[in-house]
Amino acid sequence: MSDILKSYPVVALKQVSPVYFRLAFAAPGLARVVKPGQFIHIKVSEGFEPFFRRPFSVYRAHDGIVEIFFEPVGKGSRLLTSKKRGDTLDVLGPLGKPFTPPAAGIKQIVFIGGGIGAAPFMLFSDRIKVHKAEKLLLYGGRSKAHTFSMTDFKKNGVRVLTATDDGSVGVKGRVSELFKEIRLAPATMIYTCGPRPMMAAVQAFAKVHDLRGEASCEEVMACGLGACLGCSIPTVHGYRTVCHDGPVFGLNELVF
Amino acid sequence: MNISVKIGNVVLANPVTVASGTFGHSEEMYQAKEVRCLGAIVPKTVTLHAQQGNPPRRMCEVAAGMINAIGIENPGIDAFIATKLPKLKKIGVPLIVSISAHSAEDFVLMAEKLNVADGVAAVELNLSCPNLQKKVLVAQDAEATAAVIRQVKAVTRYPLIAKLSPNVTSIVDIALAAESSGADALSMVNTFAAMAIDVKKRRSKIGNFTGGLSGPAIRPIAVRMVCETAARVKIPIIGMGGITCTNDALEFLIAGATMVAVGTYNFINPRAPLEILEGIRVYMKENKMTDIRELIGSIQR
Ligand SMILES: Cc1cc2nc3c(=O)[nH]c(=O)nc-3n(C[C@H](O)[C@H](O)[C@H](O)COP(=O)(O)OP(=O)(O)OC[C@H]3O[C@@H](n4cnc5c(N)ncnc54)[C@H](O)[C@@H]3O)c2cc1C
Ligand SMILES: Cc1cc2nc3c(=O)[nH]c(=O)nc-3n(C[C@H](O)[C@H](O)[C@H](O)COP(=O)(O)O)c2cc1C
Ligand code: FES
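The listed protein sequences correspond, in order, to chains A and B.
Quick note on numbering: our numbering labels position 215 of the first sequence as 215, and the sequence is numbered without any gaps.
Quick note on numbering: our numbering labels position 189 of the second sequence as 189, and the sequence is numbered without any gaps.
It should be emphasised that the hints constitute simulated quantities derived from the structure, not laboratory data.
Watch out, some of these pointers could steer you wrong.
[Stated by the list, open to error] Take a look, some chain A residues computed to stay more than 12 angstroms from chain B by CB distance:
| id | residue |
| --- | --- |
| 1 | Val16 |
| 2 | His41 |
| 3 | Arg60 |
| 4 | Leu229 |
[Stated by the list, open to error] Just some of the chain A residues that point at chain B, by a computed CB distance under 8 angstroms:
| id | residue |
| --- | --- |
| 5 | Leu5 |
| 6 | Pro9 |
| 7 | Phe48 |
| 8 | Pro50 |
| 9 | Phe51 |
| 10 | Phe52 |
| 11 | Phe179 |
| 12 | Val220 |
| 13 | Cys223 |
| 14 | Ala227 |
| 15 | Ser232 |
| 16 | Ile233 |
| 17 | Gly238 |
| 18 | Phe256 |
Computed from a predicted model, the values in this text were never measured in an experiment.
Backbone N, C-alpha and C fix where the C-beta goes; we use that ideal spot for every residue, glycine too.
Modelling step: build the complete structure from the supplied sequences, incorporating the hints.
Below is the structure:
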């Protein structure tokens, strides 16, 4: 436990869009061992309000710095927006099962992210920069405010295609409008993370076209360690914990 | 300084343990050297047959606590003995196995299976299970509680701990029934029946509709129950309910608990049991106590 439960100093908090923040903290050991798709469980308050820790994907990890990318949606994430340089962050992690790295023979890697769900794909694209495959991010957001700064993805050689509900950037509509960009070949690997209806659509598409893929799931968490069995979701194998058996599951294992 | 305690004829190195269902399943945790410092460990309740548990959402947080309805997801006693027990044994900490069943016969069957297993220090009966004859839980009925304990006691080779539910009019009556029918210790308390509602959806926040409240929110009631019970029974009590820190644990010990268990707060601070163990030592030193028995039940009336 001593190696996964630690306090780290905050290095910077930055608001990067009208709705998104980036929080960086110094954690050399964590930065070294964390794998794309894994998450950290943060104790956001000193007291009991809110009571549970809050899970966040690791967005970047380099040079001893770990970053999360988040949207303040409630009391826990809002508390994080008041963090300042020098504050400490009580972190449990890295936790969970990471994405499976794409095999050498893969010709096309498609990340499909909805809203904040695209966060883990930044670390993932950082780590597979040298992979020769064509890389795509199909990104769906509510509006322009909910789109990432896509230059970092582009620097990693990822072509970004965007769909927004209101059409303020990219195609107007759901991320499924962008599925036609996916090469219908077994050498394609899909990785998805986002709202359940979006991932259900990705699963259906992958099934029809016989494509392989993985999906990262969300559920309210208490322990984050597989101890309480509180974050279970239905899978084809029965209930599985998102925190310990996931958050990454085979796309065809999930039951929507 | 002597902080060892006794449950039946089993001596435990210290009075700090963990509450069933709040610890375990992840093997990585078992490896942690911190775990080896505990007085005992209590894995999640096991039933005769495997149970898949309740549909999600299985839990939600509330002010200073949580509500859960996990539904005792577990692999069943045979798989537990075959696959989990060997790993748990390796930790080298006395193991209290929690079991639950729908009838006294099934409790007996499970106790017999544990008799031939190896590496068990004590058996805890989770009595918060339906009583098939009546519309209440076994733990809500003094007679049913006594009947289950008497029958298990007749077959088991281990000290027997009865885990009591707080959802009763008089927990002392149930505790006395457990003691007189042969329980070697009491574990108290389990969760409080509760619910929370999502007002936007006008639905329960819990898939199972209702669940059990745990965490700091229940602590004052749990302390009161332990204090009342300790004054009336002679067998040791494992006190639990919202323990988060040394001070909380001391309340239970002073109220009369022989041991303390950290439950829900393991999810927030997995190091809490260790911090509490150290804190108890410091408190005893500061108060010039050399034996934990000077602390247990030291409440002034
Ligand atoms: C494995 C994992 C990785 C995650 N990674 C990130 C990340 O990188 N960045 C990020 O911003 N968030 C991430 N989340 C979601 C994040 O944990 C939640 O947004 C956060 O816990 C909400 O806490 P809160 O106290 O702010 O909101 P609460 O006060 O708990 O809830 C406020 C509102 O937000 C809604 N809400 C609660 N939980 C979620 C959720 N999981 N998703 C969407 N809405 C929710 C509630 O229904 C409620 O309406 C991740 C979740 C998981 C399980
Ligand atoms: C998620 C969760 C699962 C639990 N599962 C069990 C269980 O399987 N068997 C049992 O006897 N008690 C179970 N309990 C009850 C605890 O062991 C404990 O009695 C109760 O939560 C009060 O202590 P606490 O407030 O410190 O958590 C569970 C509690 C929680 C929160
Ligand atoms: S949060 Fe406890 S098992 Fe996943």
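Broken hints, by number | Hints 2, 4, 6, 11 and 18 not satisfied by this model.
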